[in-house]
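Chemist: Read off the chains here:
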Amino acid sequence: MNFFWDLFLGGLTRGSIYALIALGYTMVYGILQLINFAHGEIYMIGAFTALIVASILTLQGLAGLPVLILAGLIAVLYASAYGFTVEKIAYKPLRQASRLSPLISAIGMSIFLQNYVMLAQTSDFLPFPNLLPPSDFLDAISVWIGPSDFVIIVTSAVVMIALSLLLKFTKMGRAMRATAQDREMAMLTGVDVNRIISRTFIIGSSLAAIGGILIASHVGRINFYIGFNAGIKAFTAAVLGGIGSIPGAMVGGLVLGLAESFGTGYISSDYESVFAFAILILILIFKPDGILGRSSQQKV
Amino acid sequence: MKPLLEVKNLTMAFGGIKALDGVHLHIAPGQIAALIGPNGAGKTTLFNCLTGIYTPTSGDILLNAPGGKTRRLNGLKINAITALGVARTFQNIRLFGGMTVLENVMIGRHPRSSSGILGAIFRPPATRREERDIVDKSYALLESIGLGDSANELASNLPYGAQRRLEIARALATEPRVLLLDEPAAGMNPQETNELEGLLTRLQAAHELSILLIEHDMKLVMNLAENIFVLDYGEEIARGAPQEIRNNPAVIKAYLGEEDDAEAQ
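Those protein sequences? They're chains A and V, same order as listed. Quick note, the first sequence lines up with residues 4 to 303 if you use my numbering. Quick note, the second sequence lines up with residues 107 to 371 if you use my numbering.
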């Protein structure tokens, strides 16, 4: 039972991160029908920024919660700026082009950002400090759940609930949903669609950066390549849940994380990625719209 | 009196085909005008030019605001034109089906409200006040078209006639000066068409609207419109009061010359 509980928590932790990143894929897809392959790199840039900021602050003699908050905040802002700029440079000029062009552009952006970080920083793995400040509460619950697992699960849940409320109850959320359903009609009701697209990239990038900081702090090391793997997994989660669907991305992330965790625990850890992609293939064969996806015939 | 909306020598060419060829049109403030013509005459193309979906090949679309300022609409972005006061509905209804009836109207308040990304996240009192105002105004519009009780239903679950009215309410939420209606009576039975006629008259008076409607139901057109423009093959073949149009030989020829004249009634 203890073993089961550990696997369950591990799966939930992984799944939360997958879900955070998958949300960025699915939101952009919902509005632009574009798979933003550079999204994983935004996550990686978020983690790097947090590492740099945290190192500087630690050298200045700061420690504990202020480091975590400042590093997190700056990383989110920085990653959002990257997401915003990538859209303006690589996707906006191709708005009227065929769907293949922005896709190629996205892959190009992904390769560019990876190599840029590799050259600007290093190709080695860098140790990532544990940014969680010591806390009596986290010590007390560490019998059942690891402190960073707890923080990841709770933070992800809070962020995802906040996003759902934002989409459901605010003017911006309504405009985003309307744009996803019928871009031209949204413009006809006065929505500045370009602005909505920019904001979608900013929000998606923020979520990815939060995921990046959380997981880097949990795993303890990062390099320029972590975005690729996480990106592919999160993309799988988005497709699994039904790409374009916000709750789908959350469910897809959790299902994928749990499946990987239980698969590696009960069968073999050599097959970690095999479980993820086997699920993807099965879903694509038997339920191509994903767990919560809209039926594709709905769009005329 | 200066017309509110003026279309001057408008041409819209797709490759070598001119869907609109030198069209002139004008609507006075508070006037209901109709745009008629056989299928493929270019009526919907004209609406698409007026709302910025197409950028006309040549010509001018001018909106004369009551204050005396004139804005050229062609070349502006779709949402900028909506913000200046032109709204429309579609022949094939285009509601946001996955959103509630109320949300569909609330979206229409977008150009008349100001809160942005920071307001959405931090929700200061000004944003909350504005949000309440959006809900109140949208709800009042729903009441005025008799859909107050369905506010929280999904738009796609409404019956057909109600969906048509909801589209009009969404357009009105943007506070237009000119409302463009593309076949508002299509698919309606005679009784529903009668109700629509009453509704449009009422809304026109309540919102001080100018209305331009495309319609094949000649009875509705003759009852509502003060001024009728007739298009055929992208060219204007007649204009005038209903009585003049009814007896105009060019109009009769354009309609009777059509194979699918039954649809034109």
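Mixed in with the good hints, there may be bad ones.
To be verified - Cut-off 35 Å, straight-line C-alpha distance, at most; resulting in silico cross-link-like pairs (DSBU-like, lysine-lysine): (1) V/K108 x V/K124; (2) A/K171 x V/K124; (3) A/K95 x V/K175.
Simulated from the structure, these hints should not be mistaken for laboratory data. Because the structure is a prediction, the values reported are computed rather than measured.
Chemist: Looking back at the hints listed earlier, which ones does the structure fail to meet?
Modeler: 2
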